[in-house]
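S.K.: Going down the list, the protein sequences come from chains A and B.
Note that UniProt numbering has the first sequence beginning at 1, numbered continuously upward.
Note that UniProt numbering has the second sequence beginning at 1, numbered continuously upward.
These aren't lab readings, by the way, just hints derived from the structure by calculation.
Some clues are possibly wrong.
[Unchecked claim] Which bits of chain A does chain B cover? Going by a derived footprint, with three or more residues having C-beta under 8 Å, they are: (1) 27-35; (2) 110-116; (3) 139-153; (4) 241-247; (5) 309-323; (6) 339-353; (7) 418-424.
These numbers come from a predicted model, not from an experiment.
All C-beta atoms in this analysis are idealised placements derived from N, C-alpha and C, irrespective of residue type, glycine included.
What follows is each chain in one-letter form.
2 protein chains.
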Amino acid sequence: MTAAGLLPRLATIVGSAHLLTEADQQAPYVVDWMKKYHGRALAVVQPGSTAEVSAVLTCCNEAGVTVVPQGGNTGMAGGATPDDSGRQIILSLGRLDRIREIDPVGNTMTVEAGCILANVQAAAREAGRFFPLSLGAEGSCTIGGNLATNAGGIAVLRYGNARELALGLEVVLADGRIWDGLQALRKDNTGYDLRDLFIGSEGTLGVITAAVIKLYAPPAARATAMVALPDGQAALALFARLVGRAGDRLTAFEFMTRSCLDLVQSHLPGVAVPFAELPPAIVLTELSDADAATGVTDLLETVLGDALAVGEATDAVIAQSGEQAKALWRIREGISEAQVRAGKTIKHDIALPIGRLADFMRDCETAVEVTVPGLRFLVFGHLGDGNLHYNLQRAPQMTEDEFLGLTGRLNTVVHDLVERYRGSISAEHGVGQLRRDELPRYKPAVAMQMMIEIKRLFDSRNILNPGKLLAN
Amino acid sequence: MTAAGLLPRLATIVGSAHLLTEADQQAPYVVDWMKKYHGRALAVVQPGSTAEVSAVLTCCNEAGVTVVPQGGNTGMAGGATPDDSGRQIILSLGRLDRIREIDPVGNTMTVEAGCILANVQAAAREAGRFFPLSLGAEGSCTIGGNLATNAGGIAVLRYGNARELALGLEVVLADGRIWDGLQALRKDNTGYDLRDLFIGSEGTLGVITAAVIKLYAPPAARATAMVALPDGQAALALFARLVGRAGDRLTAFEFMTRSCLDLVQSHLPGVAVPFAELPPAIVLTELSDADAATGVTDLLETVLGDALAVGEATDAVIAQSGEQAKALWRIREGISEAQVRAGKTIKHDIALPIGRLADFMRDCETAVEVTVPGLRFLVFGHLGDGNLHYNLQRAPQMTEDEFLGLTGRLNTVVHDLVERYRGSISAEHGVGQLRRDELPRYKPAVAMQMMIEIKRLFDSRNILNPGKLLAN
């Protein structure tokens, strides 16, 4: 098979209606949703079944044509955007959108990779169950993409990342072989954990075509509070207090510094922080419980009362209705939108050992300020997961270009410190194109070597998403 | 380096006091604790640090001498016993027994591989935290062995297997390279999941020398009940009911058939099932909660009341004290001991999709009875994990030898049916020597191929535990 003979062959496999070769058809697929990464493609291929995915990969592997798997195209690291050669195939999984099975006793669901996350959540709800993965893009991202990038989101503290929510996978390998690992088992000790090798591999080791995911009892009661704090250290103390009393009822623990609150209030009309003065930091926390009778609101009141008494918190508001809870969440969720309106930021998606977060924030502010004085720090994130979105906004006297020109230097300052604290330079967004060239600086050489060798083993012709995660 | 020159070199590395070459010194290491697997060894090497493990493996790899890693030697599948060649080195990790760090805010602990599980639990307790991994052998098994075999136990339903309890690993590779993956992070999306490749690989891909493990808030309240059931299907209904109401408070859901109860009462004086007549099946269940004030006993009473009202349960006893709870657990834990006293059994450690457990038990009883009539079925296990210990006892008219001669045939009957139900032939015990030759019959060919290739990649000279998990 040569590259020239490939397109007709692909048209035969998927039907010519599902082989997009015109520029206008391809437009939504060759640019990421942030419009940060732009590429070109030989074609967009839309297989309708696992067998078709297998046939497509077999052909591409024989032809030596490289393939960029794509789900909802909502990634944060450019992992699903082709390069600019115009010689890559985009493998769009959107037509694999069946929910194959729901087992409400075993609490599992078998879904195809192209299912939109919100549809998966809805199907669980209809079966009286709950699928906890939840993130901003849930209306358009796909479960296959979530698994390929090991997505995080707002329910990780209680339920884990996408990785922790998967029991089994179906994967098509680079050469077209299909691995049926679609087991709905809580335990299976029959050899190497192949599943977790594919999860988070960003489409470089195989193409996930279906998965068995875990379902849970739906929360019957929720309590939501916004808590004003004197500083970051107090957030850690409050977190430890809540874990100790509420255990697994603690479903969210989101942290925001004053500058984030200020930004939201300035740019989003109608969004207001429920404290007379903006405190140095706040936490948005939520308890939830499968049993409605056990009083999560009472528990939250008690714990926050104790925290106020010892000065860990300076003020607190507990939502008295679902509407009020939504209004509190709107503040947290508004940060991204407010950032966009305020102009470009230099972003970091980092993870630290939770107990060291306050020290890290102090040290990192100093290190950045020494390097480039006057920047604004927009620091927020899933503190309960040790995950900060550590974003920097330009100083008033800088132009946007001047500021963005500092990206590499500021990345190095922030990430070098992350490394010193034994953290991660990509907590939940993945590597993709965004962090690929930084990775070898921070990953132990032995780990890089193992990764490169595994890639070679699984994809000897390097056709699967080359240049993502690992250098070409 | 030749094999002949190896021993003096190893003595230099670990000190001659830690190189055991005499048969009497080696005796505890060359036989598994069940005395089922017997081997011989060139030497037992006891390194005292990760650097020493690295030096030992470097030498063995150069010399082409194979190495059997060993923790507490409590495995169930012969994975830590050498072959009978007398040419293998046993690498005993027992001297790596330091707890390196405890972080009560981040809820993590860094432990060396040779730490005894019970000591890890105790260290967590002393720090006001809880490490949930718990199994029969906890007084002598090591955390390194637990991770290498992805151990299960009695807390999996709520907290997961050993895999789910590990955040980071330190591993020495076959050629002596050290991978420092000791991160205490809840999130890290910087590439392939190397950690989970080593966990459960039974010492065939690398030697785990240390780990960062997760800690939890200690349970402040517990409620334990024994419930009499009309049949297996009722157990599934009760399980669904408890998950729906208690959510994560459901900490244990252990199932036992009447024959197990009968066996325990016949062989263990003083152990009595608290029902006037033995029911067809019982469940031992436990709720626990980090908060003492929220009434797990009330909740359990309510849910069991509902179950009794609809006939899912026929009787129930809730423990009124810690002593009573212990007495109920004694029945469950007594099954292994009672089995030993009753003579040899043919054992299966299987996992099924939870919702299909009752159908499987019905079908498997028929299939076994057709093959060999008159056997006694001792079926019990962690039903909440879909994990059954499906054990068979000889018919009264058979000799033990006649019965044991049927092992292969009965394994095939049980495991073929497990496969038809898309289950696993080793839920928590691993493969080792025990299931190695059966594995290719049940594992998809693609998965076997990937495993063999990964093994070659990580251990090109095949020195790490050859013949375990995979054929030589």
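S.K.: Next, verify each hint and record whether it holds.
M.R.: Verification of the supplied hints:
no. : hint    : verdict
1   : 27-35   : violated (count 0)
2   : 110-116 : violated (count 0)
3   : 139-153 : holds (count 3)
4   : 241-247 : holds (count 5)
5   : 309-323 : violated (count 0)
6   : 339-353 : holds (count 3)
7   : 418-424 : holds (count 3)
Going down the numbered hints, you'll see the structure goes against 1, 2 and 5, while the others check out.
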